[in-house]
Amino acid sequence: MYRVSDTQNYAFNLIVRKYQERLYWQIRKIVINHDDADDVVQNTFLKVWGGLQNFREDSQLYTWLYRIATNEALTFLKRKKTKFFLPLIDVEQQLSNSIESDPYFDGNELQAKLQKAIVRLPDKQKLVFNMKYFEEMKYEDMSKILGTSVGALKASYHHAVKKIEKFLEED
Amino acid sequence: MNDLEKFGPKLTKVGNKNPYSVPDGYFDSLPSRVQEYCKEQTTNAPQAKWFFVLKHQLTLAGGFCVILLIAFAGYHFAQQNGKINPYEKVDYIKIVEESGTEFDEVQLYEAFTNGNKKDTLKNTANDELIEYLLIDNIDNGALLNHSKDIKP
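So the sequence lines, in the order shown, correspond to chains A and B. For the first sequence, my numbering assigns the number 1 to the initial residue and increments by one for each residue that follows. For the second sequence, my numbering assigns the number 1001 to the initial residue and increments by one for each residue that follows.
The hints are simulated quantities; they were obtained by calculation from the structure and are not laboratory data. Hints are supplied without guarantee of correctness; some may be wrong.
[Said to hold, decoys possible] With a straight-line Cα cutoff of 30 angstroms, these simulated DSSO-like cross-link-like pairs (lysine-lysine) come out:
no. : chain 1 : residue 1 : chain 2 : residue 2
1   : B       : Lys1055   : A       : Lys162
2   : B       : Lys1039   : A       : Lys138
3   : B       : Lys1006   : A       : Lys78
4   : A       : Lys124    : B       : Lys1055
5   : A       : Lys47     : A       : Lys113
6   : B       : Lys1017   : A       : Lys166
7   : B       : Lys1006   : A       : Lys138
8   : A       : Lys154    : B       : Lys1013
9   : B       : Lys1017   : A       : Lys154
10  : A       : Lys163    : B       : Lys1010
[What the hints assert, rightly or not] Residues from chain A shown here face chain B by an in silico Cβ test under 8 angstroms; the list is partial:
no. : residue
11  : Trp64
12  : Ser101
13  : Ile164
Ideal Cβ placement from N, Cα and C applies to all residues, glycine included.
Using the sequences plus the hints, can you model the full thing?
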């Protein structure tokens, strides 16, 4: 349906309505800020719109969408880091500081601390932790999205939990 | 979560509730905004300006021109240095202008010394000079070598 030009618009609209929330939250947990997440989700769907005709159905649609969303979010963060030529601005520190002052953050102190710990994780561990802890995704599904083996994902998750525990123990 | 209780006891206390929120009606308006955005981006796709298309070729051509310019400047400079400078000394020009039959060693000597250099011949009379040259069989070549030895 999405390959035929007549119905492509309609199909795309359906895809957006069905997956917008899941993709948005996946992105939001990476970029933290709502406005940034809004920009990234729109760029994600723009990429989806452009690649829909060539989608080969080797993987499930959602896996493909999730992969695009994840890459767009990580690229956004990388661009933010390299925007400033010198590493004078710590982007992770900025994100960490913005959590509590964010008008769209409704969590308590402990949840804020958890989010600050997640921001500090390396990208892969951050993704794995968010998918496993918040979305309770199966490792097999995660493996299809991230293209990493189940064993490696389990190890990533274990390391992420240890680091977060250590951070939560600090004052 | 059972594994988490074992390895992350503090984490289990936090819970996995999503602490973030969105503005009211955000997801209701998102599909239409996405559609608008996609339409806008595809219709206003930036036309590749000719400059950006030919950027590499222009860079190559520019580099080639610079090399040519440097080569031409080097050649021109070398040619300038190789040229014989116009004679400044009027005396030397006088030598060229004089014909061979009218020219004598006295004139040659005066031309090279230009009358400014101190030498013993300055105060010598012409007759004595001619006699000196004839007797000692001094020719132009000898005079030229002699003039080089005379210091100002």
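| said: Does Lys138/A sit within 30 angstroms of Lys1006/B, going by the straight-line distance between their CA atoms? | reply: Roughly 19 angstroms between the alpha carbons, so the hint for Lys1006/B and Lys138/A holds.
| Given the proposed pairing of Lys154/A with Lys1013/B, does the C-alpha separation stay at or below 30 angstroms? | This hinted pair holds, its Cα atoms lying about 21 angstroms apart.
| query | Per the CB criterion, is Ser101/A less than 8 angstroms away from chain B? | reply | Result: violated, 13 angstroms to nearest chain B Cβ.
| Pair hint Lys1006/B and Lys78/A, alpha-carbon separation not exceeding 30 angstroms | Given that 30 angstroms is the threshold and the Cα spacing comes to 34 angstroms, the pair is violated.
| Is the straight-line distance between the alpha-carbon of Lys1017/B and that of Lys166/A 30 angstroms or less? | holds, 21 angstroms
| query | Does Lys1039/B pair with Lys138/A here, judged by a C-alpha cut-off of 30 angstroms? | reply | violated, 36 angstroms
| message | With the threshold set at 30 angstroms, check whether the alpha-carbon distance from Lys124/A to Lys1055/B stays at or below it. | response | Not OK: Lys124/A and Lys1055/B at ~38 angstroms, beyond 30 angstroms, violated.
| Agreement of hint Trp64/A with chain B interface, Cβ distance less than 8 angstroms | violated, 17 angstroms
| field | Hint consistency between Lys163/A and Lys1010/B [alpha-carbon to alpha-carbon, up to 30 angstroms] | value | Holds, because 12 angstroms separates the two Cα atoms, which is no more than 30 angstroms.
| field | Ile164/A as an interface hint toward chain B, with CB separation required under 8 angstroms | value | holds, 6 angstroms
| request: Verify the proposed pairing of Lys47/A with Lys113/A, using a straight-line Cα cut of 30 angstroms. | output: With Cα atoms ~34 angstroms apart, Lys47/A and Lys113/A exceed 30 angstroms; violated.
| query | Does the structure keep Lys1055/B and Lys162/A at a Cα separation of 30 angstroms or less? | reply | violated, 51 angstroms
Of the hints listed earlier, those the structure fails to meet are numbers 1, 2, 3, 4, 5, 11, 12, in rising order.
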